[in-house]
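Order-wise, the sequence lines are chains A and B.
Here this note's numbering is used: position 381 in the first sequence is 381, and no number is missing along the way.
Here this note's numbering is used: position 137 in the second sequence is 137, and no number is missing along the way.
Source of the hints: derived by calculation from the structure; they are not laboratory data.
Glycine included, each C-beta is placed from N, C-alpha and C at the ideal position.
Do not rely on the hints blindly, as some may be mistaken.
[Unchecked claim] Reference listing, derived: stretches of chain A covered by chain B, where coverage requires no fewer than 3 residues with Cβ under 8 Å from a Cβ of chain B: (1) 211-223; (2) 237-249; (3) 298-308; (4) 315-328; (5) 356-363; (6) 383-390.
[Unchecked claim] Here are the simulated EDC-like pairs of lysine to aspartate or glutamate, each with C-alpha atoms no more than 20 Å apart in a straight line: (7) Lys27/B x Asp41/A; (8) Lys87/B x Asp166/B; (9) Lys450/B x Glu435/B; (10) Lys356/B x Asp28/B; (11) Lys294/B x Asp286/A; (12) Lys31/A x Asp41/A; (13) Lys27/B x Asp286/A; (14) Lys285/B x Asp286/A; (15) Lys154/B x Asp279/B; (16) Lys43/B x Asp322/A.
[Claimed, not checked] Going by beta-carbon spacing under 10 Å, a handful of chain B positions derived as facing chain A: (17) Ile3; (18) Ile6; (19) Leu10; (20) Val22; (21) Asp25; (22) Asp32; (23) Asn35; (24) Phe98; (25) Thr358; (26) Ala360.
This is what each chain is made of:
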Amino acid sequence: MIQIITVIAKYLILIMCLVYTFSCYTMFRPKNKERQRDLLDNQVIYMFVFLFLCNAVLFLRSFDLKILIFFAAQVVFFEILMILFPKIYKRCSRLLINNSCFLLGIGFVVLTRLSFELALKQFAIVAASVFITSLIPLMMHKITFWDKLGWLYAVAGFVLLASVFVIGVQKNGSYNWVSIGPLAFQPSEFVKIIFVFFSAALLSKAKEFKDLVKITVIAALYVLVLVVEKDLGGALLYFVIYLMMLYAATAKPLYLLGGLAAGSLAAVIANLLFSHVQVRVAVWRDPFSMIEGRGAQVCQSLFAIGTGGWFGLGLGMGRPFDIPVRESDFIFSVISEEFGVIFGICLIFVLISCFILFMDISTRSRKLFNKLLCLGFGVCFLFQVFLSIGGVTKFIPSTGVTIPLVSYGGTSVVSTLIIFNVIQGLHMLADSEEEEHERIKAEEEAREQGRNPIPEKRRGAKTQKEKES
Amino acid sequence: MQITYIFVGLFLALIGYIIHFVAVDSKDVITDSHNLRLHELEKTVVRGKIISSDGQVLAQTVTENGEEVRDYPYSRMFAHVVGYNDKGKSGLESKCNFDLLTSNANILSQITSNLKGEKSIGDNVYTTLDTRLQKAAYNALQGQKGAVVAMDPKSGKIYAMVSKPDYRPGLAAENWQELNSSESSLLLNRATQGLYPPGSTFKVVTALEYMREHRNNYQDFKYTCTGSTKIGDLDIHCYGGTAHGTVDLEEAIEKSCNTAFVHMAEDLNKSKFASLAEDLMFDSKVPINLLASKSRFSMNSSSGTNELAHTSIGQGKTLITPLQNAMVMSAIANDGVIMQPYLVEQVKNINGGVIKETKAKELDDPLTKSECQTLKKMLRKVITNGTGTKAYSSQYHVYGKTGSAEYNSAKDSHAWFIGCAEKNGRKIVVSVLVEDGDSGGRVAAPIADKVFHAFFE
Numbered sequence: 001m002i003q004i005i006t007v008i009a010k011y012l013i014l015i016m017c018l019v020y021t022f023s024c025y026t027m028f029r030p031k032n033k034e035r036q037r038d039l040l041d042n043q044v045i046y047m048f049v050f051l052f053l054c055n056a057v058l059f060l061r062s063f064d065l066k067i068l069i070f071f072a073a074q075v076v077f078f079e080i081l082m083i084l085f086p087k088i089y090k091r092c093s094r095l096l097i098n099n100s101c102f103l104l105g106i107g108f109v110v111l112t113r114l115s116f117e118l119a120l121k122q123f124a125i126v127a128a129s130v131f132i133t134s135l136i137p138l139m140m141h142k143i144t145f146w147d148k149l150g151w152l153y154a155v156a157g158f159v160l161l162a163s164v165f166v167i168g169v170q171k172n173g174s175y176n177w178v179s180i181g182p183l184a185f186q187p188s189e190f191v192k193i194i195f196v197f198f199s200a201a202l203l204s205k206a207k208e209f210k211d212l213v214k215i216t217v218i219a220a221l222y223v224l225v226l227v228v229e230k231d232l233g234g235a236l237l238y239f240v241i242y243l244m245m246l247y248a249a250t251a252k253p254l255y256l257l258g259g260l261a262a263g264s265l266a267a268v269i270a271n272l273l274f275s276h277v278q279v280r281v282a283v284w285r286d287p288f289s290m291i292e293g294r295g296a297q298v299c300q301s302l303f304a305i306g307t308g309g310w311f312g313l314g315l316g317m318g319r320p321f322d323i324p325v326r327e328s329d330f331i332f333s334v335i336s337e338e339f340g341v342i343f344g345i346c347l348i349f350v351l352i353s354c355f356i357l358f359m360d361i362s363t364r365s366r367k368l369f370n371k372l373l374c375l376g377f378g379v380c381f382l383f384q385v386f387l388s389i390g391g392v393t394k395f396i397p398s399t400g401v402t403i404p405l406v407s408y409g410g411t412s413v414v415s416t417l418i419i420f421n422v423i424q425g426l427h428m429l430a431d432s433e434e435e436e437h438e439r440i441k442a443e444e445e446a447r448e449q450g451r452n453p454i455p456e457k458r459r460g461a462k463t464q465k466e467k468e469s
Numbered sequence: 001m002q003i004t005y006i007f008v009g010l011f012l013a014l015i016g017y018i019i020h021f022v023a024v025d026s027k028d029v030i031t032d033s034h035n036l037r038l039h040e041l042e043k044t045v046v047r048g049k050i051i052s053s054d055g056q057v058l059a060q061t062v063t064e065n066g067e068e069v070r071d072y073p074y075s076r077m078f079a080h081v082v083g084y085n086d087k088g089k090s091g092l093e094s095k096c097n098f099d100l101l102t103s104n105a106n107i108l109s110q111i112t113s114n115l116k117g118e119k120s121i122g123d124n125v126y127t128t129l130d131t132r133l134q135k136a137a138y139n140a141l142q143g144q145k146g147a148v149v150a151m152d153p154k155s156g157k158i159y160a161m162v163s164k165p166d167y168r169p170g171l172a173a174e175n176w177q178e179l180n181s182s183e184s185s186l187l188l189n190r191a192t193q194g195l196y197p198p199g200s201t202f203k204v205v206t207a208l209e210y211m212r213e214h215r216n217n218y219q220d221f222k223y224t225c226t227g228s229t230k231i232g233d234l235d236i237h238c239y240g241g242t243a244h245g246t247v248d249l250e251e252a253i254e255k256s257c258n259t260a261f262v263h264m265a266e267d268l269n270k271s272k273f274a275s276l277a278e279d280l281m282f283d284s285k286v287p288i289n290l291l292a293s294k295s296r297f298s299m300n301s302s303s304g305t306n307e308l309a310h311t312s313i314g315q316g317k318t319l320i321t322p323l324q325n326a327m328v329m330s331a332i333a334n335d336g337v338i339m340q341p342y343l344v345e346q347v348k349n350i351n352g353g354v355i356k357e358t359k360a361k362e363l364d365d366p367l368t369k370s371e372c373q374t375l376k377k378m379l380r381k382v383i384t385n386g387t388g389t390k391a392y393s394s395q396y397h398v399y400g401k402t403g404s405a406e407y408n409s410a411k412d413s414h415a416w417f418i419g420c421a422e423k424n425g426r427k428i429v430v431s432v433l434v435e436d437g438d439s440g441g442r443v444a445a446p447i448a449d450k451v452f453h454a455f456f457e
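Given these sequences and hints, build the entire structure.
This is the structure in structure tokens:
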């Protein structure tokens, strides 16, 4: 009986995921605020049905009451977040909140399936950090000198990044963890936020070529530290973030092409110099010849994705415990195995829709600093997804990167929540800037036409009210 | 905005790759024995059938006393190629494991059987194997150790693949101990994994190389055979010490004259010779859906005179599988084009809907059409006047080459025959190896003859 329920639930889960993903994209179309609100409300429904189905299957497979209690806790948490956050921040992006809840929800389900303890731990970290990071949009609004601290970011970030050489511990072959008392975290996860702030602050102020050279040298030092720490995924991520921000700030394709050429050259040199790079490349080329050694991770990941096929084996029906580092780096393989590759592709599209939203906010922002900040975080977020999913599917060599919000890992989830809330802050700023701009323009137009400006103003006020409701 | 496009492009490439992986590559990947998920499938799917090209069941799952048993109606006849389903599996049972354990029956019937608590029915694998030809080859080989491969040179379809000694695939698990400890390597598929010196069958390659290096005057080659000769410090004898008298290239092949060949090879360019062997797919993996060994050709530009002499008559360090030798013959029979050999024609669901289909694929194009025609003419003489007369028939046109490959210092030899039979555009290539069979012409050629007969019957 449970087989049939799992199979039926499998298709329903997929349908929920498909309609949710689809709604992420239709969302941008209607200009009508009310229609948009309906769409957002529907999204919430899809998400809860999805969570309900998954948890129902998980419960029926184990009859463990803990699962039901945990599910209830999730519902309460998501409801509070989705009701309270827009209440406090009237102009926040609800799509971004929905997406973060959906991604977190997928993460919770998969972690519950893998290990209840891990899921609970993740939930506690998420709940606490959502509460704290919710203050960020307020800070973005109240503090106006974020863009003036460029050199401070540069130094602070670098010191924090290099701290692993003093107090670092080795984990998974990379030297990029720091442990202070009971806390262990990856500084590079937080430093990437400071790195984006640093690049945005300095690039937005750079006037001459000399300035660009200075900033680029500092950025290159960051990347170098990560290479020495053997954190190749991190190094590549920082490199791409900086390159894209540089391109956006200068609009010179030559920099983009030159950067890509330099990056490729560096990759070739790294492959010649470092044995750990050679190993990764060799594993990528033919993991099956090393199936009982270093190739095992990628092979098992491909087995999982391939055996799952389009529709997946059904929740609880796969063998995720054959996959190494299943709860973090290889979570995409676990998802694909049981939910299917179509679901996996939907997940990618949801992640891309977050990115498009980031870029949209970047375009709408008026200050260059804010534009670059949005863009930097967008690239940071999406490229990480690319490294992670590309790695586990053998599209590119695996670099051991997590999927933001979905994978298990305190550092990763906290840093992503910080980024999302910075973006929320920027979204609200862009919105109010836009309104300000429209109001001024309307006033000017009215003055030019020599009419009474008061009715125009009222109309403006009305639209503002509509937006808030 | 360009940045958005760059990233969306990057992800479309990634998604395209993932779709390609699932639709195409994953089918081969997941059959790996390190993937333990396939065991899970066995709980919900009844393993499909393996069926011959003439519609006979080669393997099926039946229920005996409430227990599922894998049944092989032809028992030993297809033991190696179809394989066994226990202990890690072998042959097609292993390579097609995922197809056999996947049910592509329509969703409704799957749900119904699911609701009833019954297993779904797995897909059936339709092979290129023909039971009539397999039977002919199997019976012709009798109790001797060896292998027979029969294939269609135009498409690469394998019609028959026999390896002996054999075993009963249905009892593989029960007799596991014995199967593995047996000295005669019962489980080895000699057709694809057995490596043997090619002996005189390799003279086809030597002759071709000679023709290439003496494009305008290879017809002028003359040598007077006295039954034995000396190359450096090496004594070379013709089979049975027979003196063949004065021979040209055609007669040297026809009579399989060793002394003529070692003299012919004396001035051959070693690196060109090696690259011809490479073109004929020595030292490369044969892409077939079975475990297969790489044939070896180790002579190179730095090899000495002795090795060159030995190599030219297929003795030396050269080793070949019966399948590979069939492919060499196929190249000659198919105007120089080697087709990828394959065993699985189609995979169909229980309702007969085609799930997968193999398309004939060119592997390599090592010979020109005119080279093939010249070689065919020479090899025809082998059948009409030379060592291969036992494979002659008035019903169809046969050409081929015999071989007696010495494998120890006591001059014991394996018997070889490779050949092609044609009639009205239909072609079949057969490669026969009989271990310790002594004479290719006397022992191996009659076996090929029986397969040819069965094909044109």
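Right, here's what the structure says about each hint:
With a cut-off of 8 Å between beta carbons, the region 211-223 of chain A has 0 residues touching chain B; three or more are needed, and the interface restraint is violated. With 3 residues bearing a CB less than 8 Å from a CB of chain B, the region 237-249 of chain A meets the requirement of three and the coverage assertion stands. Counting residues of the region 298-308 of chain A whose beta-carbon sits less than 8 Å from any beta-carbon of chain B gives 8, enough to reach three: the coverage restraint holds. Residues of the region 315-328 of chain A with a Cβ under 8 Å from some Cβ of chain B number 4, which satisfies the need for three, so the listed coverage holds.
Only residues whose C-beta sits within less than 8 Å of a C-beta in chain B count toward coverage, and the region 356-363 of chain A has 3 of them, enough to reach three; the restraint holds. Only residues whose C-beta sits within less than 8 Å of a C-beta in chain B count toward coverage, and the region 383-390 of chain A has 4 of them, enough to reach three; the restraint holds. Of the pairs offered as hints, the one joining lysine 27/B and aspartate 41/A is violated, with about 41 Å between alpha carbons and a cut-off of 20 Å exceeded. For the proposed pair lysine 87/B and aspartate 166/B, the alpha carbon gap of about 17 Å is at most 20 Å, so the pair holds.
Taken as a hint, the lysine 450/B and glutamate 435/B pair is honoured in the structure, with Cα atoms around 18 Å apart against an allowance of 20 Å. Of the supplied pair hints, the one linking lysine 356/B and aspartate 28/B holds, its CA atoms being roughly 13 Å apart against a limit of 20 Å. Proximity of lysine 294/B to aspartate 286/A is assessed by CA-CA distance (about 19 Å); at most 20 Å being required, the pair is judged to hold. For the proposed pair lysine 31/A and aspartate 41/A, the alpha carbon gap of about 16 Å is at most 20 Å, so the pair holds.
Of the pairs offered as hints, the one joining lysine 27/B and aspartate 286/A holds, with about 17 Å between alpha carbons and a cut-off of 20 Å not exceeded. Proximity of lysine 285/B to aspartate 286/A is assessed by CA-CA distance (about 15 Å); at most 20 Å being required, the pair is judged to hold. A C-alpha spacing of about 18 Å is found between lysine 154/B and aspartate 279/B, which places the hinted pair at or below 20 Å, so the restraint holds. For the hint linking lysine 43/B to aspartate 322/A, the alpha-carbon distance of about 18 Å falls within 20 Å, and the restraint holds.
Using the Cβ-Cβ criterion of 10 Å, the hint placing isoleucine 3/B at the interface with chain A is satisfied: the shortest such distance is roughly 5 Å. Of the supplied interface hints, the one on isoleucine 6/B holds, with its beta-carbon coming within about 8 Å of a beta-carbon of chain A, less than 10 Å. Interface restraint check: leucine 10/B against chain A, minimum CB-CB distance 6 Å, threshold 10 Å, status holds. Hint on valine 22/B holds. Least Cβ distance to chain A is approximately 5 Å, under the 10 Å limit.
The restraint placing aspartate 25/B at the interface with chain A holds, with a minimum CB-CB distance near 8 Å, inside the 10 Å limit. For aspartate 32/B, the interface hint holds, the least distance from its beta-carbon to any beta-carbon of chain A being 7 Å, beneath 10 Å. Checking asparagine 35/B against chain A by beta carbon gives a least distance of about 4 Å; that is within 10 Å, so the hint holds. Taking 10 Å as the C-beta cut-off, the interface hint given for phenylalanine 98/B holds, the closest approach to chain A being about 8 Å.
The criterion of a C-beta within 10 Å of any C-beta in chain A is not met by threonine 358/B, whose closest approach is roughly 20 Å, and the hint is violated. A hinted interface residue such as alanine 360/B counts as satisfied when its beta carbon comes closer than 10 Å to some beta carbon of chain A; here the least separation is about 26 Å, so the hint is violated.
Violated hints, in rising order: 1, 7, 25, 26; the structure is consistent with all others.
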